[in-house]
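Enquirer: Sequence:
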Amino acid sequence: MEKYQFSGIEKKWQKQWEESGIYRASFLPDKKKFYVLEMFPYTSAQMHMGHVRNYTIGDVIARFFVMNGFNILHPIGYDAFGMPAENAAIKQKTHPKDWTYKNIETIREQLKTLGISYCWEREVITCDPEYYRWNQYFFLQFYKNGLVYKKLSPANWCPACKTVLANEQVIDGGCWRCNSEVEQKELSQWFIKITDYAEKLLDFSGIKDWPERVITMQKNWIGKSYGTEVCFAIPDLDKELIVFTTRPDTLFGATYVVLSPRHPLVQGILEKSRLKAEVERFLLKVKNQALTAEDTANMEKEGIYTGINAINPVNGEPIPIWIGNYVLMEYGTGAIMAVPAHDQRDFEFAQKYKLPVKVVIKNPDWSITPEQIESAYEGEGVMVNSGEYNGIPNTEFMEIITEALTKKNLGKKTICYSLRDWCISRQRYWGTPIPIIYCNKCGIVPVPEKDLPITLPYNVRLTGHGTSPLKSVPEFLRCICPECGGEAERETDTMDTFMDSSWYFLRYATADTQDKPFDKKEVNYWMPVNQYIGGIEHAILHLLYSRFFVKVLNDLEYLDFKEPFENLLCQGMVIKDGTKMSKSKGNVVDPKDIINSYGVDTLRLFILFAAPPEIDLEWSEKGIEGAWRFINRVWALNDSVLSYKETKTHTGDVDAEKNINKTIKAVTDDITKAFHFNTAIARMMEFTNHLSRVIERKECSKKTLEGVWLKFTRVMAPFAPHICEEMWRLAGKTNSVFSEKWPEPDTQYLVDKNSVIAIQINGKVRGRITAPVNSTEKEVIKLAEEEPSISRWLQDKTIIKHIYVQDKVLNLIIK
RNA sequence: GCGAGGGUGGCGGAAUCGGCAGACGCGCUGGACUUAGGAUCCAGUGGGGCAACCCAUGGGGGUUCAACUCCCCCCCUUCGCACCA
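Here the first sequence stands for residues 20 to 834, numbered as in the numbering used here.
Possibly wrong hints are sitting among the right ones.
Said to hold, decoys possible - Cross-link-like lysine-lysine pairs, in silico, DSSO-like; alpha carbons within 27 Å at most:
| id | residue 1 | residue 2 |
| --- | --- | --- |
| 1 | 110 | 599 |
| 2 | 684 | 752 |
| 3 | 121 | 131 |
| 4 | 641 | 22 |
| 5 | 112 | 181 |
| 6 | 721 | 752 |
| 7 | 772 | 722 |
| 8 | 110 | 170 |
| 9 | 22 | 169 |
| 10 | 131 | 602 |
| 11 | 110 | 258 |
| 12 | 801 | 827 |
| 13 | 604 | 641 |
To be verified - Between beta-carbon pairs, the in silico distance windows are:
| id | residue 1 | residue 2 | range |
| --- | --- | --- | --- |
| 14 | 297 | 185 | 31 to 39 Å |
| 15 | 321 | 412 | 32 to 40 Å |
| 16 | 257 | 497 | 43 to 51 Å |
These are computed hints drawn from the structure, not numbers from a lab. Each residue gets a CB set at the ideal place from its N, CA and C atoms; glycine is no exception.
Between the sequences and the hints, there should be enough to build the whole structure, so can you do that?
Expert: Shown next as structure tokens:
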């Protein structure tokens, strides 16, 4: 027999599907919908097996739900803005726009060869002004509602290139291009107040099924902690210092306080300090210590005494004020009280700088003399050295002291989040221009909505030097103030690309809407996304920003729902050479070669069969042959079914029916319970193995065989759509297999007459018997005793106990 | 360091609730067909043993008639967070 000629067949159906528009989504308010979405591709990326995996998973789900009668939305688009386009442009002397659109062409072609069931009419391209104008629109809505503000914030700055660097462009503290030492420069940047939504974002009750670890990561990222703000007086300055602590019970043990180098009181302290020169030297030294996570991790804790003291509000004792490079201005109040006896970090710092240690919670195993302490005691105990409060358990004391401070107006209960506001300013060209105008007379003026979109000028010189490239484009920069009509300048920063991806799933719902970002009615119908599929690497930022966006738009009454993604499937990465497959790692495997030699259906089966979706997959082409053989076996079987000549014995009919119905049930369960496509495919393989034998032995009636095969064709269709469509038509059908209903298992074939029961002797399997289903314990024991492999064990022994699990196992305990 | 996941044949991976460990596939071995086989089909395939059997789910202990599955200790590994006061 000829091999399966995939190439012509796959192309034929791709063309036919596209022409007949079977994937076009339409708004049908009375029909139950299902929105399947895979995270859209970044246009700088090169298609690789990671993408193939992602989109294939989505496609199986979409096709499965179509066949289950849902109105499907399964869109695709491109995450098209961002730094790589700009870097490529500088390097290759092209324009980011040309480069991006060229890439989109390529990706689109590649996606089409994969035969995914996308509704292409809804394609979204984020660098299209028709898309990003709504970024600007939302920015203005957020602005109007007090959710946008501007503040000074440090950025990585290369003094040689005179440009801002992203964290990944800082290598060992140096600029990636010229290697100069990177500085921290304070820039005025735009922020969105995501912190206002910290509480709402901690509420996951609107989410149905997300991986637990993603929720945990988001919770940790938001980082809610309960604590107390305590007020320390600074008599020399006649000012007060507020510190945040989660351990107010240790307040009597505070032996110094530490300020962040960027704390607002530092300036005032310097002026009064007799150690001014030294402190200034220290500040200069720590100023450029990088802010990247990597560097902070390895950073040595350092500090300096300012020469000024603060007063501990509980006992009036003066304690020294220090400045430390490890105290973050962004968290709490930017100042801490240090309790070396009960905080390991403080303990180490105190040891280093010979600062006093004072024990205030009794460790039952230790003496309370500080000299004998080798590490901080962070556990529970009763208060000591705490004046009138001695003897109280510290857990109770937390409340007591906080109340006492509150009464004296020296402190209060408070909640801190580690979540920071979202900085959306990027000193880059290839992004959405921020719709703000600076007027000498009127100050900061938001662009009126009617003037949107503010489009990116095409003519720009990208050098990689200097600040925002848009500053050097006069026709963009110069504008008229919408308030006073005078000359003004535009904001030249562009938006973070997370802005683009925070709402693209809403745009898909009504992609052709002209006068507004989306149609409320249609968005409310399609949303939320029923099944979102993407990599775990977006567990925090993208998913959190999207949730935030939807919550704000819900508050502003644009939407009637509160969560964007009902169910989330985080598929594992495709690994090669020990690292995630990506263009930047240079380890991508282009699906093209495999498609050319084996076809798309084989590739799909192969990648789905290799592992369950959530597991990381080490790339290996071993096994592709297995998928290819399976496709060919199916093709050969189809031929055998069509040319089958019936004989008079139909003894295999029931068996064939049982097999297909059990397969239907198993595959349905595998898909709906956990998207375990690997086991679903294994079931289908078992089915074909069985059916080959049936056909070979001619045990089946033609009618049964054909019926069984048609059911199988439908079950396999979501996994291998092209070959199944072909087989469906070869069977004489005129409609698409995807307009057919997913088969339901016929329950009469799911139950067996007999079951095989394992017989254990003292817990070890010694034999098996076949007994009618639902046999009684007695009957099973009798059969077991008659079974030679079992009776051998029973000679000269007594059964002292037996355990019978219906239709599964009988355990005989003998002596 | 903290938090979460994972460790099963030569390999990828199966195993609803504690109930027959290794489904399915790759690879390998043998055979058939063939001028040929890197195609296809059939059989075998966790390790040891001629066999009866014994040993096996990272290691050690425990609970149980019964443990990959539950409990305790340890080792390894992946991911996330990392001075969050």
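Enquirer: Tell me if the straight-line CA distance from residue 110 to residue 258 falls inside 27 Å.
Expert: 54 Å, violated
Enquirer: Taking only the CA atoms, is the gap from residue 604 to residue 641 under or equal to 27 Å?
Expert: 22 Å, holds
Enquirer: Is the straight-line distance between the alpha-carbon of residue 112 and that of residue 181 27 Å or less?
Expert: 20 Å, holds
Enquirer: Check whether the Cα positions of residue 110 and residue 599 lie no farther apart than 27 Å.
Expert: 25 Å, holds
Enquirer: Are residue 110 and residue 170 close enough, with their CA atoms no more than 27 Å apart?
Expert: 33 Å, violated
Enquirer: Okay, residue 257 versus residue 497 on CB: inside 43 to 51 Å?
Expert: 48 Å Cβ-Cβ, so the 43 to 51 Å window holds.
Enquirer: Note whether the CB distance of residue 321 and residue 412 lies within 32 to 40 Å or breaks it.
Expert: At roughly 36 Å between Cβ atoms, residue 412 and residue 321 fall inside 32 to 40 Å, so the hint holds.
Enquirer: With the threshold set at 27 Å, check whether the alpha-carbon distance from residue 641 to residue 22 stays at or below it.
Expert: 20 Å, holds
Enquirer: Quickly compare the C-alpha distance for residue 121 and residue 131 to 27 Å and report which way the hint goes.
Expert: 16 Å, holds
Enquirer: For the pair supplied as a hint, residue 22 and residue 169, is the alpha-carbon distance within the 27 Å limit?
Expert: Distance of about 65 Å is beyond 27 Å: violated.
Enquirer: Holds or violated: residue 772 with residue 722, Cα cutoff 27 Å?
Expert: 24 Å, holds
Enquirer: Could you say whether the range 31 to 39 Å given as a hint is met by the Cβ separation of residue 297 and residue 185?
Expert: Holds, at about 35 Å.
Hint compliance for this structure: hints 8, 9 and 11 are broken, all remaining hints hold.
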